[in-house]
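The task is simple: from the sequences and hints, build the whole structure.
Number of protein chains: 4
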Amino acid sequence: MTELKVALIGGGFMGRAHSLAYALAPIAAELGVTLHREVLVDATPELAATGAAQLGWNSSETDWRAVIARPDIDIVDICTPPDLHEPIALAAIEAGKHVFCEKPITNHSAEALRMAQQARAAGVVTQVGFNYRHTPAISFTKQLLDSGRLGAPLQFRASYLQESSFNADPNRWRAKKSTGGSGTVGDIGSHIVDAAEWLFGDITQVTARVRAKAPGDGGWATEQERLGEDLIDDGAVWLAEFANGAIGSFSVNSFASGRKNRFHFELDASKGAVEFNWNNREEFRVSYVDEAADHQGFRTVHTNNQHPNGWWRLAGLGTGYVEVSAIQFQEFIRAIVKGERARPDFADAARIQQIVEAVHTSAESGRWVDVPARTREER
Amino acid sequence: MTELKVALIGGGFMGRAHSLAYALAPIAAELGVTLHREVLVDATPELAATGAAQLGWNSSETDWRAVIARPDIDIVDICTPPDLHEPIALAAIEAGKHVFCEKPITNHSAEALRMAQQARAAGVVTQVGFNYRHTPAISFTKQLLDSGRLGAPLQFRASYLQESSFNADPNRWRAKKSTGGSGTVGDIGSHIVDAAEWLFGDITQVTARVRAKAPGDGGWATEQERLGEDLIDDGAVWLAEFANGAIGSFSVNSFASGRKNRFHFELDASKGAVEFNWNNREEFRVSYVDEAADHQGFRTVHTNNQHPNGWWRLAGLGTGYVEVSAIQFQEFIRAIVKGERARPDFADAARIQQIVEAVHTSAESGRWVDVPARTREER
Amino acid sequence: MTELKVALIGGGFMGRAHSLAYALAPIAAELGVTLHREVLVDATPELAATGAAQLGWNSSETDWRAVIARPDIDIVDICTPPDLHEPIALAAIEAGKHVFCEKPITNHSAEALRMAQQARAAGVVTQVGFNYRHTPAISFTKQLLDSGRLGAPLQFRASYLQESSFNADPNRWRAKKSTGGSGTVGDIGSHIVDAAEWLFGDITQVTARVRAKAPGDGGWATEQERLGEDLIDDGAVWLAEFANGAIGSFSVNSFASGRKNRFHFELDASKGAVEFNWNNREEFRVSYVDEAADHQGFRTVHTNNQHPNGWWRLAGLGTGYVEVSAIQFQEFIRAIVKGERARPDFADAARIQQIVEAVHTSAESGRWVDVPARTREER
Amino acid sequence: MTELKVALIGGGFMGRAHSLAYALAPIAAELGVTLHREVLVDATPELAATGAAQLGWNSSETDWRAVIARPDIDIVDICTPPDLHEPIALAAIEAGKHVFCEKPITNHSAEALRMAQQARAAGVVTQVGFNYRHTPAISFTKQLLDSGRLGAPLQFRASYLQESSFNADPNRWRAKKSTGGSGTVGDIGSHIVDAAEWLFGDITQVTARVRAKAPGDGGWATEQERLGEDLIDDGAVWLAEFANGAIGSFSVNSFASGRKNRFHFELDASKGAVEFNWNNREEFRVSYVDEAADHQGFRTVHTNNQHPNGWWRLAGLGTGYVEVSAIQFQEFIRAIVKGERARPDFADAARIQQIVEAVHTSAESGRWVDVPARTREER
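Top to bottom, those sequences are chains U, G, X and V. Residues in the first sequence are numbered consecutively from 0, following numbering that gives the first Met the number 0. Residues in the second sequence are numbered consecutively from 0, following numbering that gives the first Met the number 0. Residues in the third sequence are numbered consecutively from 0, following numbering that gives the first Met the number 0. Residues in the fourth sequence are numbered consecutively from 0, following numbering that gives the first Met the number 0.
No wet-lab data here; the hints were simulated from the structure. Bear in mind the structure is a predicted one, so any value in this text is a computation, not a measurement. Treat the hints loosely; a few may be bogus.
Copies of the same chain look alike in the list, so a pair counts if it works inside one copy or between any two.
[Claimed, not checked] Straight-line Cα separation of at most 25 Å, DMTMM-like style, residue types lysine to aspartate or glutamate; simulated pairs:
| hint | residue 1 | residue 2 |
| --- | --- | --- |
| 1 | 337 | 377 |
| 2 | 270 | 224 |
| 3 | 141 | 339 |
| 4 | 175 | 110 |
| 5 | 175 | 85 |
| 6 | 176 | 228 |
| 7 | 270 | 145 |
Take a look at the structure:
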């Protein structure tokens, strides 16, 4: 394999982000293959042509089925709204393409599990856009946890906060259940769930409270209104229990004034602790129990090429959104080249969707809800 | 009233902290009364005499009943281990003394409610040592919330983390249920519950997971071990629902490496948000929704005499533990002088104890647990 | 004009960085022109071919003179070591090409001034790689200062610190005066001088102390050793006086343990103050004198598309090194398309080189050294 | 010696601060002596009596000469405006009293040197109120530097910034040269000079620019106006060379919007670096060169009783202004009890005054100005 041709389905915000990331990925590191941004698919010929020109794709199309059918296409990257993910992904899998899909892969875990199963059966590589976990500081945390340097997992505290719903268009697709699906729990909560499971292991149970905002500058809608009017959720809190006994608390809110896409977690383990804040994403913050008594405390390490996927020797040079997204695609391409499983793949994403649904179920039932165990294949 | 004489029961860590705070309180602000650190009570004549000399009390005693019986004593301040709080407090109330009691006022809410009831019946002023809420930044947050400037409460996220249990003496009183009682939930979790209710209003329900640490540098004990061996809790997570519909997530851990007495909360409301971290206790951090589009974000305001209980005109001069404790006593003394209710009083503390117990009950039952509503008198 | 073809001279660290930035620039924003990464020039055919393939250039060459002679090339981008900048730049200017040159454009201000003069005479657009000033937070600061919102400039404090010289190869080109030229003052100090003049106006005088490190883990070499052995400088401090009366203090050090490419400045003006730290480059930090008395303090604004050159609506999405470099090229391309002067151009860079030299001259003479005034054309 | 009686001269802002600190000092740590706050001296009988009652002194007086003459007084603490320091201090020394004096001990180094000389001749212990250096994080830095753990001093960067001159009373004593004397350089700059010499060793030379603010919200006054009208300085920048070859940059400004008494320094040495910010005074921030390659960076250590003068085992409990001031008096009392030299004493303060004057002299002459070397006795 010396070349890989990508078809991008959807030229909106995420399509643009992916285009930027594909532009960087092969320059920033040797991938062992030549990557072609081959074709951009969008709803109309004008949109598709303009998008291809602006976003740097070789050609444009409007019919995603025709593109998937092309034998020269190796990778299908799905950036449509979530309700279109499933048919496109299934068709691409059936055509033997490797598939990158934005999250949520669907708004229904049953669909997601079926997608994962078919991808595995077809032997194609899949990956889902939980981009934040590819930040070098998080990858390094994973290494330290897996190596035992931090000891046994104890507590995970995470939040993902945005102020994006203040003054937002009430008719945007994220605001409607038919398109936006799982609301803040699925949209941003899924990222912190992904980080939690990646780092601390499988979650077995959750309990939750979920809220939708009432119009105007008042408080939350009542639960009667939220469930009766089938409103999308704007905020939530939940607890999780992990298979290894660790416990976690999670919060999301899109009405969090002043919060700038703040994906944040703190984890305590029996030999150390780590903190990560996307707002300072170059900083790996760690504390170890065995430090000298007069030197106990967190150290702030700016990641560089001493850490996984760091591009530069000079720490502090600066890692942005596009750079982390490019790392995500580097991982995906490397998995394809090596014929290995990429992470997080459709199986991981299906599981995250199960947890998102368990949060919603728990909020309605008022009970702890079990998350199904992974099969051996999914692990 | 021109003079107030205080008897301090217990000369340990908290007795020393109170002594420092009493020394500052009347110098830092005009209280309208002369305060006498009259007598220190401790277990033996030697301990009491040494303590009185070191901590600056006029005399020493060993019999707290005798001291309470003295007509010249106006205030009884209880700094003993928690299991002795109730008999001393009830005796002091019966003798018509104003009572300051360290938290938890007891390890059993039923006792606490009885103490609160008797104090109210006796017409004495009581206050409990939830000192952190007296930080000027928190008092100012309370003013802004009450004035409506921040809008309707939406979400409260809080944690109180310490690394104090690493390398701690396993025989310390905090480590035993008979003396330490409610573990981290009661010891440090109670502070964040106090702040939450003070700022966001009454909590109606909680659900929780609670953990005790296994010996060595492994993870948590199993729940079977924790409940079977009646171990004190070392960490917990819980959710809360507030009467006004707001939701909250709470975490405590005494095995949190690198965390230096980190009492921390973030609150989102419909017109703004506030963040507070005791590690930077002079900083009031606030964001408002109605700022100009290119100036949205948190501002960091160092409290000074423009804010409640600020002693100095020069912001950034520095507010420490002893200073905030002194503010606590200034509030207590002012309430006595004015004949008003002090906050948080025994009724508030009883309620916090109810919530602490609800957290434990929920952890055992796996269900949301209701917190009893306050009576009109308790509000 | 609908197309622009770029020739990149030099495929090392900066060549790679420029390649990444060129890949992003036209995707991230509409530039009104199609950009072709046409040819990469490097020392040997192998280096050039490998570089072109890896860094995404259409072809490769070894003879920069031949490339400059090609009529299809519109832009020459110079990423060689500094001692080669001048001949390449002069040839490119003579051939009527627009020239982007990495800093320092030369190690001698007289050369730089001549380069600037010839570029102006030839009517080509030039720009120099003082990339940090293109950070949206800095561009926004510039707007606020120019608009008068911050009042009159008072004091500028800046430092640029790295730990890169610990454990560095003593034979690297930066370590030798013949190639590295102006040491830390020229290499990193020039960036803070650029920011200072861009924001606060022209500098008229400087006074300085400059140091070179002695081998091993001891302190500085003596001045006798530094000057006698013609050592490159590893650290320096200097003061500056601005034409408007403002004053500034500046520090650089490449032996600053723990400092991760920390480009940092604080500026005080008569109606407000701003702080910027490249390590948190998305944060625009500002304080205004006219805020309410209980809300005085810095606010932290994460830049987004409300600010100059912000790509995203969602603040906090993340701005990295490559993204800021891409903004730099967007500015350059826009200037070419519009036929306007780009900033900072060769004239600005020549001036910065004059200040770098004045710092060195002052360190040797022990006196304040005047910086020549700009001509009207250079302003 | 079992008792020490203190006379406090001056009941203003600093008198109140000292009263608070004296109240804490003997409670917070065993001093080996009983301390009596014996008498407060103020300008009128009413002021003195009210002050004594409010600030907790046993008695009040108006005639400082009479108080100094009292044989029962052991310590004279001078908190008057600076122009009265000298006569009171000399009288106290002559009477054989130990003397604590607020800074600046005088506005003239010649006077200060004479005061230091007479104190030494009289064998009394003196100390001057450079309180910040007693912060545990700074004392610990001193220990690490002296032990060699941080290697050889390289660069010191410091600033002390306040916004206190915005909206200040133009008739306050600090604003007039006859009383306020040395302006921001002497008032706040002296603190960072004290820290610099304490940590990095003696300064040998300085060069400076000094500014006074023009009225209104415009910029600085011209140097002609500043010198012609003998205006007090409101801001300055200076460089320093240390005897060991290290270099430093210093900035002060009292028109620094948003700066909350920000005393800040960073120091780089050949094996490590330290940063300190009074706004986060519990944090000792250190980086070491010899850390593992993937763990390079600053660690943040909250001081506790593992560090010099830490009162509490629990780090993060909180250290405020009054607490650090109390540490200052603990050091003074211990020196008296042990019969040792206290630091910083009158000799240290005289030297700081020499440097303050050298800064002013340099600003007028435009030249580097030598600071006299210490005699062996002064070291």
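Going back to the hint list, which numbers does this structure go against? none
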